[in-house]
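Going by the numbering used here, the sequence shown opens with residue 604, and the numbers climb by one from there.
Just so you know, the hints here were simulated from the structure itself, not pulled from any lab data.
Warning: the hint list may mix true and false statements.
[What the hints assert, rightly or not] Taking lysine-lysine and the DSS-like style, the derived pairs with C-alpha atoms no more than 30 Å apart in a straight line are:
id: 1; residue 1: K689; residue 2: K651
id: 2; residue 1: K831; residue 2: K769
id: 3; residue 1: K791; residue 2: K831
id: 4; residue 1: K764; residue 2: K812
id: 5; residue 1: K777; residue 2: K788
id: 6; residue 1: K696; residue 2: K682
id: 7; residue 1: K666; residue 2: K637
id: 8; residue 1: K731; residue 2: K710
id: 9; residue 1: K695; residue 2: K716
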Amino acid sequence: MSGVEYQQGSLAGYEIREYVLEKWQRACAYCEAKDVPLQIEHIHPRAKGGTNRVSNLCLACEKCNTAKGTQDIAVFLKKKPEVLKKIQAQAKKPLKDAAAVNSTRWKLFERLKATGLPVECGSGGLTKYNRTTRNLPKTHWLDAANVGTSAPVVLITKGIKPLKIKATGHGRRKMCVTDAYGFPKHHKERKSSYMGYRTGDMVKAITPKGTYWGRIAIRHRPSFRLGKTDVHPKYMRRLHRADGYEYTYETKGVRDAPPHG
604 MSGVEYQQGS LAGYEIREYV LEKWQRACAY CEAKDVPLQI EHIHPRAKGG
654 TNRVSNLCLA CEKCNTAKGT QDIAVFLKKK PEVLKKIQAQ AKKPLKDAAA
704 VNSTRWKLFE RLKATGLPVE CGSGGLTKYN RTTRNLPKTH WLDAANVGTS
754 APVVLITKGI KPLKIKATGH GRRKMCVTDA YGFPKHHKER KSSYMGYRTG
804 DMVKAITPKG TYWGRIAIRH RPSFRLGKTD VHPKYMRRLH RADGYEYTYE
854 TKGVRDAPPH G
C-alpha cells in the first residue's frame, strides 16, 4: 500500500501496533502478563537516543512500563538476565509467521485475479483502522466489511444478521461407539438415512407444541432430534439437504436458522 497517510500517518500506527502485538504474543515482555492493558514500549529509551523502529519496540504492562521509565533495559533487568537475553533475541527476530504467509500470499492473489473477478488486498492494521474510525464493534463479519481501501465511509449495520456457515462434515466412519475405557457401547446402523431424511438436513417442523426449524439428527425410529426437541418426521418439511455445512444467523448470542424457500 502507498500514500502519505499509510506510510506516515495514523494508518502506519495501526499497522505497527498490530505487528508488535503479534510479535510479542500479546503479553508483557518483562513480566509476561496477559489479558491486561498493554502499551507500546521502547526497548532502548527514546530519551537516550532510541528510535521508533519496530526492532526497538515491545509490549509492556503499565506497571512494568512505569517501573522501567527511561532506564536502559540492561539496568532495568540486571537481576533478570534470562529475561534480558530473551527480549534482546526476540527483538531481532521477524514475525514468526510472516515468511510462511508471504510465500503464499501473492500466489493466492494471482490465482484469484485469474478468475476475472475484482480482487482487493488489505492488511490487518488497515482493517482495524477502518473498523475503529467507523466506531464499529469487533466481529468477524464487520472485519470482512472493512477490508481494503474501498470500505465505505458509512456502513449501515442496523438490522443486519450475518449468515454464519460452519463446516460440520458428513459424519464419521466409526461404526462402533465406545466408552471412556474403549468398551463397545453400541453399534451404528449402516443406513445413513431414515424415512427420506439424513442427519444434517435443515427442516421446518410445525407441531402441536409450536414451530421449530434447524438441523436434525436422525434416529432409526420415527423420532428425530431437532435442537433440544424430539420431533416426529410427519411434522417436518425439508428446507435444505445436508451438504456438510451448518447455516445459522447469529445475533447477540441467539441462533436462528436462515430462511429457505
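Hint check results:
1. K689 - K651: 22 Å, holds
2. K831 - K769: At roughly 19 Å apart (the allowed maximum being 30 Å), K769 and K831 satisfy the hint.
3. K791 - K831: 21 Å, holds
4. K764 - K812: 27 Å, holds
5. K777 - K788: Roughly 12 Å between the alpha carbons, so the hint for K777 and K788 holds.
6. K696 - K682: 24 Å, holds
7. K666 - K637: The hint holds at about 13 Å.
8. K731 - K710: 25 Å, holds
9. K695 - K716: Violated, at roughly 35 Å.
The structure fails to meet hint 9 from the earlier list, while all remaining hints are met.
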